[in-house]
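Whenever a hint applies, use it, and build me the whole structure from the sequences.
Our numbering puts the first residue of the sequence shown at 137, with every later residue one more than the last.
Calculated lysine-lysine pairs in the DSS-like style (CA-CA distance at most 25 Å, straight line):
(1) Lys201 x Lys176
(2) Lys188 x Lys201
(3) Lys188 x Lys176
FRET-style restraints, in silico, Cβ to Cβ:
(4) Ser183 x Gln223: 10 to 20 Å
(5) Glu236 x Gln197: 12 to 22 Å
(6) Lys176 x Ala231: 27 to 37 Å
Don't read these hints as lab results, they were simulated from the structure.
Ideal Cβ placement from N, Cα and C applies to all residues, glycine included.
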Amino acid sequence: MYRISFLASIALGAALASGCQTTATPDDNAQQANTQQHGKCNSEAVSSLVGKVATPELLEQARDKAGADVARILRPDDVVTLEYNSQRLNLNTDANLTIERVSCG
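Structure follows, in structure tokens:
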């Protein structure tokens, strides 16, 4: 008696768990690809900014064009952490805020 109810509960649990599975549609796959692409920083897309003066507006435009999630302006004496963030755009400047280098990280 107990063996039958134990086997029945296992079968019921397996049936319920299989109902939780989903299959991806082509639209889901396209949306996932777009999500993965956004946030992937591409510093080459904004390499033309070298030599220009960094401003908050330019920083936001560069972040958007590079596809980065976040961006920052780094002056020569700024203290930075050693953490690497592949979704962050860095605009390295001189003391006059002229962009010398663009990079991701």
